[in-house]
Amino acid sequence: MNGFTTIRDLETEGALFGDAELRDAIGDGIVPGPRMQVATRAISTTGNYALLGYAPEVTVPKGVQIADGPWEIRKAVREQIEHGADWIKFYGDYRKFLPTGEIVDLRVTMTQEEMDALVDEAGRRHRPAAAHCYGDDAARAAIRAGVRSVEHGLFLDDATLKMMLDKGVYYCPTLAAYHVSWEESPTPAWKKVVDGHRDTFQRALRMKLKIASGSDAGDFPPASAARELELMVEAGMPALKAIQAATLVDAELLGWQDRIGAVEPGKLADVIAVDGNPLADISALRRVRFVMKGGEVFRER
18 MNGFTTIRDL ETEGALFGDA ELRDAIGDGI VPGPRMQVAT RAISTTGNYA LLGYAPEVTV
78 PKGVQIADGP WEIRKAVREQ IEHGADWIKF YGDYRKFLPT GEIVDLRVTM TQEEMDALVD
138 EAGRRHRPAA AHCYGDDAAR AAIRAGVRSV EHGLFLDDAT LKMMLDKGVY YCPTLAAYHV
198 SWEESPTPAW KKVVDGHRDT FQRALRMKLK IASGSDAGDF PPASAARELE LMVEAGMPAL
258 KAIQAATLVD AELLGWQDRI GAVEPGKLAD VIAVDGNPLA DISALRRVRF VMKGGEVFRE
318 R
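If you're matching positions, the sequence shown starts at 18 in our numbering and goes up one per residue.
Any given hint could turn out to be false.
Unchecked claim - BS3-like mimics (lysine-lysine), calculated; alpha carbons at most 27 Å apart, straight line:
#1 K179 - K209
#2 K284 - K258
#3 K79 - K92
#4 K227 - K258
#5 K284 - K179
#6 K179 - K208
#7 K225 - K209
Simulated from the structure, these hints should not be mistaken for laboratory data. Values in this document were obtained by computation on a predicted structure and should not be read as measured data.
Construct all of the structure, not just a fragment, from the sequences and the given hints.
Right, dumping it as structure tokens:
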């Protein structure tokens with residue numbers, strides 16, 4: 018392990034229920050790894066999860082589960098929980114990014130009634146819901162439905178952020194995901210995305226939202242989780258607050274604040290050591306020398 022002893026995996030993107038299987042294998046001691054809360058397949062609606070590069074007449078399998086209308090969506094939630102989902106993740110809106118960074122289509126994927134049904138059904142099974150949202154319309158509908166977290170939130174105005182603050186909704190910005198794309202393709206369009214995202218983050222920080230740390234890892238470099246904390250600090254978050262976002266705040270988001278998130282009596286012995294002082298240089302968190310999870314040492318060098 019590279020220093021993260023607990024993670025939340027929000028969607029397998031084509032691996033079906035593989036995250037639940039991995040979570041259980043780690044829990045059973047078959048393979049080493051972090052504790053996991055998983056969402057298995059995300060949920061979206063017909064026509065709102067386009068795969069680029071295919072002829073229009075071709076229908077290809079999608080990583081998400083497609084469901085339409087409140088009752089189909091309730092059934093999808095039940096199926097995912099049956100297959101091991103700890104979270105229910107859904108697409109509140111969806112977009113098409115061109116390689117140059119232009120967003121050619123951004124649309125809300127679900128009606129308010131559909132979102133309400135999803136969050137209600139998840140809640141009846143004691144599962145929190147997380148919403149992928151780039152813009153205000155989807156985020157506001159998701160907040161009204163009662164989601165626990167809004168993921169990404171690239172272009173949110175102050176009114177939406179105030180709704181999140183008032184409802185206690187967590188903001189998981191995943192800055193690194195879009196910054197990586199801009200670094201790989203430094204076009205004006207990607208710069209606009211990165212700058213808009215940074216502005217939303219800075220306003221959320223000033224308004225004192227509950228900001229969680231998440232990397233949107235998957236097709237990004239392994240160090241993106243550490244890069245996320247660096248970008249938070251570069252955008253104005255104090256280093257200590259960034260570390261707390263990845264520990265205390267994330268533990269609260271997961272509902273596990275009674276067992277992880279701090280080195281305190283009664284909590285699990287999760288400890289890491291790094292080469293350097295991350296309060297002075299947040300990039301020190303990349304230089305992990307020691308990892309203990311639950312009292313067991315996984316790395317020492």
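The hints, checked one at a time:
| no. | hint | result |
| --- | --- | --- |
| 1 | K179 - K209 | holds, 23 Å |
| 2 | K284 - K258 | holds, 21 Å |
| 3 | K79 - K92 | holds, 18 Å |
| 4 | K227 - K258 | holds, 11 Å |
| 5 | K284 - K179 | violated, 33 Å |
| 6 | K179 - K208 | holds, 26 Å |
| 7 | K225 - K209 | holds, 24 Å |
Consistency note: the structure conflicts with earlier hint 5 alone.
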